[in-house]
Every structure is written in structure tokens, then in C-alpha cells.
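Protein chains: 2
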Amino acid sequence: MSNSGSVTIHDVARRANVAVSSVSRVLSNHPDVSIKMKTKVEAAARELGYSPDPVAQSLRRGTTNLVGLVVRDYANPFFAEVISGIEEVLTEAGYTLIVTSSGREATQETERITMLRQRRVDALILATVSDKSTSTRKAISAFKKPVVLLDREFPRLSTASILLDHASGLQAGTTDLLSKGHRRIALITGTPDIRPTRERVRGFEQAYRDAGIDPAEATEIAVVFSASFAHEKAVELLRLPVRRRPTAFIAGGVQATIGILEAMSELGIRAGDDVSLIVCDDLPWLRVMRPQISSVSRDAVDMGRAAADMVLSLLGGSTPSSVMLPTTYHVRETTQFAPGSRR
Amino acid sequence: MSNSGSVTIHDVARRANVAVSSVSRVLSNHPDVSIKMKTKVEAAARELGYSPDPVAQSLRRGTTNLVGLVVRDYANPFFAEVISGIEEVLTEAGYTLIVTSSGREATQETERITMLRQRRVDALILATVSDKSTSTRKAISAFKKPVVLLDREFPRLSTASILLDHASGLQAGTTDLLSKGHRRIALITGTPDIRPTRERVRGFEQAYRDAGIDPAEATEIAVVFSASFAHEKAVELLRLPVRRRPTAFIAGGVQATIGILEAMSELGIRAGDDVSLIVCDDLPWLRVMRPQISSVSRDAVDMGRAAADMVLSLLGGSTPSSVMLPTTYHVRETTQFAPGSRR
Numbered sequence: 001m002s003n004s005g006s007v008t009i010h011d012v013a014r015r016a017n018v019a020v021s022s023v024s025r026v027l028s029n030h031p032d033v034s035i036k037m038k039t040k041v042e043a044a045a046r047e048l049g050y051s052p053d054p055v056a057q058s059l060r061r062g063t064t065n066l067v068g069l070v071v072r073d074y075a076n077p078f079f080a081e082v083i084s085g086i087e088e089v090l091t092e093a094g095y096t097l098i099v100t101s102s103g104r105e106a107t108q109e110t111e112r113i114t115m116l117r118q119r120r121v122d123a124l125i126l127a128t129v130s131d132k133s134t135s136t137r138k139a140i141s142a143f144k145k146p147v148v149l150l151d152r153e154f155p156r157l158s159t160a161s162i163l164l165d166h167a168s169g170l171q172a173g174t175t176d177l178l179s180k181g182h183r184r185i186a187l188i189t190g191t192p193d194i195r196p197t198r199e200r201v202r203g204f205e206q207a208y209r210d211a212g213i214d215p216a217e218a219t220e221i222a223v224v225f226s227a228s229f230a231h232e233k234a235v236e237l238l239r240l241p242v243r244r245r246p247t248a249f250i251a252g253g254v255q256a257t258i259g260i261l262e263a264m265s266e267l268g269i270r271a272g273d274d275v276s277l278i279v280c281d282d283l284p285w286l287r288v289m290r291p292q293i294s295s296v297s298r299d300a301v302d303m304g305r306a307a308a309d310m311v312l313s314l315l316g317g318s319t320p321s322s323v324m325l326p327t328t329y330h331v332r333e334t335t336q337f338a339p340g341s342r343r
Numbered sequence: 001m002s003n004s005g006s007v008t009i010h011d012v013a014r015r016a017n018v019a020v021s022s023v024s025r026v027l028s029n030h031p032d033v034s035i036k037m038k039t040k041v042e043a044a045a046r047e048l049g050y051s052p053d054p055v056a057q058s059l060r061r062g063t064t065n066l067v068g069l070v071v072r073d074y075a076n077p078f079f080a081e082v083i084s085g086i087e088e089v090l091t092e093a094g095y096t097l098i099v100t101s102s103g104r105e106a107t108q109e110t111e112r113i114t115m116l117r118q119r120r121v122d123a124l125i126l127a128t129v130s131d132k133s134t135s136t137r138k139a140i141s142a143f144k145k146p147v148v149l150l151d152r153e154f155p156r157l158s159t160a161s162i163l164l165d166h167a168s169g170l171q172a173g174t175t176d177l178l179s180k181g182h183r184r185i186a187l188i189t190g191t192p193d194i195r196p197t198r199e200r201v202r203g204f205e206q207a208y209r210d211a212g213i214d215p216a217e218a219t220e221i222a223v224v225f226s227a228s229f230a231h232e233k234a235v236e237l238l239r240l241p242v243r244r245r246p247t248a249f250i251a252g253g254v255q256a257t258i259g260i261l262e263a264m265s266e267l268g269i270r271a272g273d274d275v276s277l278i279v280c281d282d283l284p285w286l287r288v289m290r291p292q293i294s295s296v297s298r299d300a301v302d303m304g305r306a307a308a309d310m311v312l313s314l315l316g317g318s319t320p321s322s323v324m325l326p327t328t329y330h331v332r333e334t335t336q337f338a339p340g341s342r343r
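First to last, the protein sequences are chains E and A. For the first sequence, the residue numbers in our numbering are 1 to 343. For the second sequence, the residue numbers in our numbering are 1 to 343.
By construction, these hints were calculated from the structure, which means they are not laboratory data. Bear in mind that the values here come from a model prediction, so they are computed numbers and not experimental data. Positions of the beta carbon are idealized from the N, C-alpha and C atoms, including for glycine. Some hints could be false.
To be verified - Derived coverage of chain E by chain A (criterion: at least 3 residues anywhere in the stretch with Cβ under 8 angstroms from a Cβ of chain A; other residues may be distant): (1) 80-89; (2) 97-103; (3) 123-134; (4) 251-263; (5) 273-285.
Claimed, not checked - Which chain A residues stay away from chain E? Per the calculated CB distances, all over 12 angstroms, these: (6) 11; (7) 179; (8) 180; (9) 238; (10) 264; (11) 286; (12) 313; (13) 317; (14) 319; (15) 326.
Unchecked claim - Interface residues of chain A toward chain E, partial, derived using beta-carbon atoms under 8 angstroms: (16) 77; (17) 97; (18) 101; (19) 282; (20) 284.
With the hints as constraints, model all of the structure from the sequences given.
This is the structure in C-alpha cells:
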């Protein structure tokens, strides 16, 4: 069905015995075309097996039905689910998603956004490396077509965003730990350069303040960028003298979750029995763990669907807006009373 | 630095006071250009802030410095690592990787390959849904530029492939289980429509034959497509009467691994103590499990690098060839003697 590139619009014009510009008008559904001309050109195109070149066509029309997504890296299982939600909606609407990665580098991110702009994608969905990068902000401004941010907030950019309410979920989890007598809770999380981390810290501290406790005095907040950092940090904290050792951990991301669980396994510490634990995201493999781990979860597929819906509505002419999706605290078996406070 | 699209090649020609065709020749590095002309045009382009339109340029040159990758889905953590290996090599060489997914559907796969061809990617890397699909084979044939298959073998296609030696690793693991007295070993694996599954089954059966045992009599080979199927299948097998129950499981993929571990957790069966277990791939989260799980591993990042190296060498004019990478059996704590055969 698809032409190999050998049949051109000129061949179709010759076969139909009309001008090239007439063929072009028919193929681009120009309103000023007679039924007779349309029939003649379409018959010639069919006979020659001609199908329009989408790149040339997109140069004329200025649309490609491509949507670009830039992720920080491909290794986050949460993003695999977000992407499946985006693809589900876009494929249904006749759009194709192409994904590229910034490799967690603002420079590469800027290059990728520019590449996608030059490739004429109709819209961009971005989970940027940071929401503070000037070069990224400039690349987004230069894009001029719909942009949807995934859980990012750039100051002075009027883009659409799909946001998650991390603060509420984390606040609920922290409040549960505080009510069970925990005071020294270690929150191990990612970089504060992105909104999810800042919101998690905000929810965490709010729970302390609501309980009348100064968060600065009572907790550790460690920022980690990899599972091995999280592992090291957790080992260090778990080896502190009993009086200073955290009685509970909160893992704010998959790297932190792996690092903390690894440290506990290694030191022979059971989550729940010895040290309480809450993780962010119900990763598929957490189902194999016993005891079952308490979590603050979010619906990744739904987030993807919301981002794609937003893209389609922006392409339809809507004004950019923000959508806030919930997170939910699930109490399972790893949030127990702190030692000495069980009643 | 990048032009917003308002400055054209015509403006540069006017400013330099030369013909448009001369500007075009300079910008495409045509050999038949005087130094004087080159200097004049480049100065005008610089003054106007003109940078060539890469889409228009790629239409002229026929190259884009883009490499397309089609994966089955984004949810496989193994692929996240393969992609990071591919990107590392391609980015270094000035190429950009764009990823799209077939959603495990041959029809969508064919569309995606066609889309990437029409977008003028310079090469394709494919982990196809199946290596038996006719429509996919046709789409690959129509591509006409370098194609590298990831662990797939299409009959009658002279593409390059990066293959993994799954059979050897699985054979080594199975031999270890047989030597420890296991006879009823359940291999739970993915679809036989792709090479990795067929090779794993081959290695498994070879180990039986080498030990003088008929694999058909002694084992279960279950094909699963999701973690929930693997879970159901494992529960079913673990609930068999003792005489028929498998004493060991081999998980041939991440879905099978999650499903089997979940079934064991649920039924209170400890891997290693009660039932032996070997999994394929050292997934990052397996590090948190105790006892430590025996595995047949492969180097995913290395596979990605090999695929990108192959792309670059094909683009440099080399003939397509196959590269075989090893898998390694790691004996850890979950491969113990079968009940009654400990000595």
C-alpha cells in the first residue's frame, strides 16, 4: 500500500493530465476543488499506488500527528506506566508518541526539545530534569505549540501541567507514624530541584507542625540520587546509637525504596517489626514482599491519560490549565507502633 | 542561536548578494564552492542568526542523524538498561535516539516502523513483538537502511542482530538443579514467538537430555504473558500433591519472576528452603530479597552498546552480521538440594 518513494506528485499529475498544483490541492483537501478534479486525481493516485509523503506533507500543513515526550531516563518503572496511559489515548486519537531522554542533563534536554521542535511534533509532554533550568525554560518558550508538563512547575511559563498531590499522601503517612509514637522519622528522597520532592518534604513537615512538633529537631531529611546513595545513607542511619536511630523510614521514590530495603536486608532488620517503613509508589515487585509495605501511591496510567487528554484539548484550541491528581496513603503491615510507645 | 523560522535561505542569499543555490551549496558542504563564496555566505548567515532547517536539510541530504527504536512496551526494566547503553554510544556519535512502542501488537509495530521510515530515521533498532510476523518482516524489508534486531531472528532477512546466549545460562542453571536431585522443575516463561523463550526452553531441555532424563516426562513448561498468569500458574503448581509438585522453579522473565515470588509469599513458601528458584535477569530490586536469588544474568547496558556500535558500523558501510553475547548462571542461596536428596 505504501509507496516506496518512486512515484511522485508529478507522476500523478501526468497520469491525470492535470497541473501539479491541482494534485496538491486535491491531496491537501483544499476546499476550492471540483468533484470532477478530485475524482480524476484520486483515481490516478490509486492506479499508481501513490501515497503522499508525510514529511513533505507536514512541511506544507505544519502538522505531523506526532507528540514528543522527553523523560529524564527510561529506568523509572513509574514512567513506563505513565507512557502506557499516554499512548493509549494518543493512539486512539490517531497520534503517535515518540520518546526521547534527557539523560538527566539540562543541556541534553534542551537539545532534545529543540530536535523535537525541528521535527515538527505537534505537542510536547515533558518530565524535565529540574524545574529551575533556564535553558529548558527557554527551549519550552521557543516551542510555540502545546506543552504539557508532568509534575513540574516552571515560574513564568504558561504551560499546562498534570500535577500530583504528593503533599497530602505524605502528610497522611507521616501523621500515622507520629500517632504511633514515632518521632525520629528519616525521609529519604530525590532532588529538591523537582516539584515531587518539594511537595513530599512539605507534606512531611506539615504533619510534624500539625502535631505540634518541630520537624527540624526530630527528623533526618536525606536527599539521594541513586539506590546506592540511599543504601549507604540508610546503613549509616540504622547504625546510629539507639537514642538517635530513626524508628521509621519514608522512601520518596524507587531508588530510595531499593536502597532502604537493601540496607534493612543486609543488617537483618525486618520492616515493620524493627523499623517502620512507608514507600512512595506501589511498584509491581512490592507485591512479592512480606510483610506488605505501607505506601503512598498514585495512579501512573491515569496520569498518562490525563496528560494525553490535555494535549488533545490544547490542540483543539483550549487554554493551558493544570490538573491535580490525588495520592493515597495505604496502611499495610510495615507501619507499627514505635518501640516503647505501643499501648 | 537557533533561528525561529523567520530567517530563510533567501534572506541569507540577499544579504550575501549571491544566488540561493550558492547558499544551499555552501550550507550542504558541496565540494564545488570557492573559499570566497563560503566566507561570504557564512558571514551573512551568522549576521542574520540563520541556522539551516534540519527537516528541509534532511530532505535534501537524505540523512537525519536520528535512530529509531521500537520496543514491545516500556514496562520492562531490562529494556530501560538496554536503552541507556544505546543512548550512551549514539549520543557520543552525534545521533539522537527516538523510541516508540508497538504495544505488543504486530499491526501497530508495522505502523511504527513505517512512521520511522517516513520520518527518515537513518537506522532502526527493533525488539519486535514476534519474529514470525509477516507484516513486520515486510516493514523491515521496505526500510532499506540499516536495521539491528535485538535478540530476534527473522527467517530470510539479512539484518544485523545482537543475540544473547540464553541457552547456555539456562542449561547451566538446570544442570545445577538436576545435580542437586531435582527432577520436577517448572520453567515458567514468556511467548515462544520470540527467540529468548525458544533458547531458554532449548537450554532447559538440553540439560535434561545431557543428564539422561526425558524432559517431557519430568517437567512443566508453562508459557505466561503477565505476572498475574505466572502467579496463577505458580499457585496451581505449588498446590499439587507432594508427589507431583515441582521442587524447583525457573522464571524466564520479569513477569514470571514477580508472579512466582508473589505466589510463594502468599503460600508462605520460602525460596531456597522449601522450593528452589532460579530467575532470569538480575533486576535491581532482587538485591533487596533474602535469601539471595540464584539467577541467569545478562548485561543489558552492554547489549545496548553493542546494538548502537552495530548501527554505527552499518552506517559506515559494513555488512550486517550477528553478535552473540553471553549469559551467566550465578549460584546464590535459592538453589538447594531437593527434599530427600541432600547428602
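Taking the hints in turn, this is what the structure says about them:
Residues of the segment 80-89 of chain E with a Cβ under 8 angstroms from some Cβ of chain A number 5, which satisfies the need for three, so the listed coverage holds. Counting residues of the segment 97-103 of chain E whose CB falls under 8 angstroms from any CB of chain A gives 6; the rule of at least 3 is met. Three residues within the 8 angstroms Cβ limit are the bar, and the segment 123-134 of chain E against chain A gives 0, so the coverage statement is violated. Counting residues of the segment 251-263 of chain E whose C-beta lies closer than 8 angstroms to any C-beta of chain A gives 3; at least three are required, and the coverage claim holds.
Coverage of the segment 273-285 of chain E by chain A holds. Counting CB-CB distances below 8 angstroms, 3 residues qualify, and the rule asks for three or more. Residue placement check: residue 11 of chain A keeps its beta carbon more than 12 angstroms from all beta carbons of chain E (closest about 18 angstroms). Against the 12 angstroms criterion, residue 179 of chain A stays outside the reach of chain E, whose nearest CB is about 28 angstroms from its own CB. No beta-carbon of chain E is positioned within 12 angstroms of the beta-carbon of residue 180 of chain A; the least distance is around 24 angstroms.
Every CB of chain E is more than 12 angstroms from the CB of residue 238 of chain A (nearest about 14 angstroms), matching its label as outside the interface. Taking the minimum C-beta to C-beta distance to chain E, about 8 angstroms, the non-interface status of residue 264 of chain A is violated against the 12 angstroms cut. The Cβ of residue 286 of chain A does not lie farther than 12 angstroms from every Cβ of chain E; its closest approach is about 8 angstroms, which violates its non-interface assignment. Every beta carbon of chain E lies more than 12 angstroms from that of residue 313 of chain A, the smallest distance being close to 23 angstroms; the non-interface claim holds.
The claim that residue 317 of chain A lies off the interface holds: its Cβ sits roughly 22 angstroms from the closest Cβ of chain E, which is beyond the 12 angstroms cut-off. Separation of residue 319 of chain A from chain E is adequate, the least Cβ-Cβ distance of about 23 angstroms exceeding the 12 angstroms criterion. Non-interface call for residue 326 of chain A relative to chain E: holds, since the shortest CB-CB distance, roughly 23 angstroms, exceeds 12 angstroms. Taking 8 angstroms as the C-beta contact cut-off toward chain E, the hint placing residue 77 of chain A at the interface holds, the least distance being around 6 angstroms.
The criterion of a C-beta within 8 angstroms of any C-beta in chain E is met by residue 97 of chain A, whose closest approach is roughly 7 angstroms, and the hint holds. A least Cβ separation of about 6 angstroms between residue 101 of chain A and chain E falls short of the 8 angstroms threshold, and the interface hint therefore holds. With a least beta-carbon distance of about 13 angstroms to chain E, the hint placing residue 282 of chain A at the interface is violated under the 8 angstroms criterion. Checking residue 284 of chain A against chain E: minimum C-beta separation of about 6 angstroms stays under 8 angstroms; hint holds.
The structure is inconsistent with the numbered hints 3, 10, 11, 19, although it conforms to all the rest.
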